[in-house]
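Novice: Each chain is listed here by its residues.
2 protein chains.
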Amino acid sequence: MLKTLRDAPADAETINHALLVRAGYVRRSAAGIWSWLPLGKQVLDNVARVVREEMDAIGGQEVLLPALLPKEPYEVTGRYEEYGDLLFRLKDRKGADYVLGPTHEEIFTQLVQDQCTSYKDLPVTLYQIQTKYRDEARPRAGILRGREFTMKDSYSFDATDEGLAESYRLHREAYIKIFTRLGLDYRIVSAVSGAMGGSASEEFLAPAPAGEDTFADCPACGYAANTEAVSFALTPVEGAAHPGIEELDTPDTPTIETLADHLKVPASATLKNLLVTIDGEIAAVGVPGDREVDLGKLSEALAPAEVELVTAEHFAQRPDLVRGYVGPQGMAGKAFRYLADPRVAPGTSWITGANKAGAHARNVVAGRDFEVDQYLDVVVVEPGDPCPNCGAGLNLDRAIEIGHIFQLGRKYADAFGLEVLGREGKPVRVTMGSYGVGVSRAVAALAEQTADEQGLCWPREIAPADVHVVAAGKAVQTELALSIADRLGAAGVRVLADDRAGVSPGVKFTDAELIGVPTILIVGRGAAEGRVELKDRRTGEREDLTVDEAIARLTEQLG
Amino acid sequence: MLKTLRDAPADAETINHALLVRAGYVRRSAAGIWSWLPLGKQVLDNVARVVREEMDAIGGQEVLLPALLPKEPYEVTGRYEEYGDLLFRLKDRKGADYVLGPTHEEIFTQLVQDQCTSYKDLPVTLYQIQTKYRDEARPRAGILRGREFTMKDSYSFDATDEGLAESYRLHREAYIKIFTRLGLDYRIVSAVSGAMGGSASEEFLAPAPAGEDTFADCPACGYAANTEAVSFALTPVEGAAHPGIEELDTPDTPTIETLADHLKVPASATLKNLLVTIDGEIAAVGVPGDREVDLGKLSEALAPAEVELVTAEHFAQRPDLVRGYVGPQGMAGKAFRYLADPRVAPGTSWITGANKAGAHARNVVAGRDFEVDQYLDVVVVEPGDPCPNCGAGLNLDRAIEIGHIFQLGRKYADAFGLEVLGREGKPVRVTMGSYGVGVSRAVAALAEQTADEQGLCWPREIAPADVHVVAAGKAVQTELALSIADRLGAAGVRVLADDRAGVSPGVKFTDAELIGVPTILIVGRGAAEGRVELKDRRTGEREDLTVDEAIARLTEQLG
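So the protein lines, in turn, are chains A and B. The first sequence runs 168 to 726 under my numbering. The second sequence runs 168 to 726 under my numbering.
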């Protein structure tokens, strides 16, 4: 069923989406729900095979858990609620509640609780390559962010912290092998652990413009991190002699833009105070006027507390908070809790609101005129921000998250009371890691990274076939092509044969480029003399050979 | 994670359930929802591999379609309603309706509609090995009838009836190879096509007491059929001179049992008239008094009409119908439509109700005293019933349905308007087959058929390993066992090594029998002299060999 489309689907946003659909690898069944056609299934299986081999090599044991799961285990950990709309929920005929598994920490914890009783049963690493479900608000970018997708998820169980560190290290090494074998260009970046708890977490990112993640990397020292994990060092400024606070008449300047304009100062000289509520209590977040607060980062940093922006109602109830003219001087720690970016370090001086309408204050010095209750890295990272490691200016790049490794620690073991008998004869709480590879997403990442202007261009290990045999169209050529395909197949070479009748040679050649099998064998004009052409899909190099030479060459290389 | 249980789970109803759970192959996650543990996953993968190889051999192309599907295609064919409670239904975050795919005829029809435009694109056979969902009312018998299960489903698409017949034949041959390779004892039986339409359908049944299907087979001629497909020939009785109808006073005999008792005649001499409604209209079904009407068969035979038993209300509205004393004479075709079993052939004489309370009639002759509107095979088949082929007495046996092949015809193509350009340049309606193998169910069937008193006993091709290496327990033995396992593994032999410390040799040996790997290599007393024992799990034969002899033997046989 070799079928290619002339045009990219109208809604294709990314290379992987456009090419994989055009070349007949995948077909959209619903928003974020995809069918894998024969070529796509081969590629998906090849990625899964590499993942499986490397997981087996570190002693992972493959299992297959259900995707349809009772809700109760997810209630134990609170994730039934936390997942919100991301979780597909359903009822069975008896009205019992089920979910479609988004990730299986709970179920693996229960499984190990059932199977392991002693530290001698540990460490154990279990994995599965399974269909996962997440009801994404905006499924997009082809198979990059689907609502049904294939993932390898594994879980390590150890009796000690050192054991977890070792399991984590093994996974890290396995992931390096996996992504290297897949031929992906990738970076390992630090990630934040967030509300999940746990002590270490890294992401494997495949740089690609279509990526949904942004990461920062340092051209000087090689530091790389998810932007959410980039921190800014708190460096108090000492010894500077600042003049006293001076109040400025600044009518109609409720925004940083109008203020900077009015005073003819850069926005970075001003202090922006964002008012929020934290579990209902009013707080202010101070950041330089030219920076944006990342509300996601702020929520993450303060979780499980609830963070919300203040509303007109809050201002109505608090006449001491003058909208557009708030400053921390005389207010921090009294009128509100004051959080600030590390750039608002002790000893820095700012222009900020004077806490009366139409007025600002200058020479407002952190540590002298106001105290910061808590420093937090919550501004949006920007290109050129200093590297936390060496201070050089960071680059920001888009990437696809293809793997994530995570030291969970005891969060799930605590929730379920997972213990084994320890070496000293006492119960020991088990510590866990969880590790994911986006198997279907890796296919998209590979398509993104390896495609060229002609189409897809797979690394050999992942390609749906080794050789794509194309017959120019006459009967003699088609017959020869099929006999070559048979001989190659019998020798163990994976062959895709294009024997379509009624399709012009030009279309077939263009389709072969589009489909992206590494070697194209063309049965064309020379067929009558028993000559064929071998073409390297990536380099475009062509070679004219006799049929026997071509078969011998390919069999030796690939059989 | 080698873990076995001493006892079968309390709710184990079948061998497969008890042994697979005890031996650590599967674990129950919820009613009818199972986790496949490492050993079980190997067996499941082995079955899937055999299925895949034989499907590829007949030109099947593997795809992977979603399990989460929009409801619309199932509405087009009416199956969204027809499936009733069997279908898992859910809504996404936007409130759109989805189902978890129970079987994918609709989606494959749409896929082919999208991909194939000409008869030259056909025939095409697509298959997937996929997780399927059915919300069974009574999930039971371990993995035999699950609510989440693994199935190979394939679909053939042909432009002509002859093409469909050939695709069906290819599948039949492939299934024979699959089940033979799996080492299953199976029978191919005729099945009814039912309301699905279509012209031919056969089931592959694995005889087993735990089976949920009953099939009839003839010891004389080899005929075999699902009991629902067994027919009884209608043979009019000619030439018999029956006396005229005689009314009998039979007080308090509203049931066949009381009537036969009262008259001292066998129940088979009486005619039972079951009153039902067919789409609301009252009808009677006449069968010999010793036979039961199979309401499922009756519904199936009359579908899509709705069949229900009559209620007291119906009797209240129809005083001509005397409950317990209904007879067809003078009523059939007037008071009710009269359906009958072929045993109520023209010329047969019966004792039946006289249509008045406390009275029956004898010498009521079919064709003389009443007419049958429609003959239907709707009685429950019983052992000894005549073979439709040769007339010998049939046996009835329990079996597990492991495969089903089905000529669907144009039902789905009609629903979606699936046409291709035909050879004559005109659009041709495509004809389809659908074919299923219960992959997880085949594991259960294998467990049922091959287990012995010691436990599971897998055929080599399906076993989770070739060799189970068991060390008796001392350090020298464990060390030798692990080195043997390594050497065998390096030679390509699939090894399961039991290196559990603190487990007695006796328990290990018992567990090895329970787990059922075909060859057990015991590192016991002879270890110090470099001698081991090879044991054949099925026959129990043991052989004492040097380590090198044992490794050479196994490598030669299995590597």
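The reader is advised that the hints may include incorrect statements.
Stated by the list, open to error - In the DSSO-like style, the derived pairs of lysine-lysine whose C-alpha atoms are separated by at most 27 Å in a straight line are:
| hint | chain 1 | residue 1 | chain 2 | residue 2 |
| --- | --- | --- | --- | --- |
| 1 | B | Lys578 | B | Lys593 |
| 2 | A | Lys238 | B | Lys261 |
| 3 | B | Lys578 | A | Lys238 |
Just so you know, these hints were derived from the structure itself, not from any lab.
Novice: Now tell me if each hint is right for this structure.
Specialist: Comparing the hints with the structure gives:
Taking the CA atoms of Lys578 of chain B and Lys593 of chain B, the gap is about 20 Å. The hint holds against a cut of 27 Å. Straight-line distance between C-alpha atoms of Lys238 of chain A and Lys261 of chain B comes to about 21 Å, which keeps the hinted pair within the 27 Å bound. Restraint check: the Cα-Cα separation between Lys578 of chain B and Lys238 of chain A comes to about 38 Å, which exceeds 27 Å; the hinted pair is violated.
Figure legend: structure checked against the earlier numbered hints; the only hint not met is number 3.
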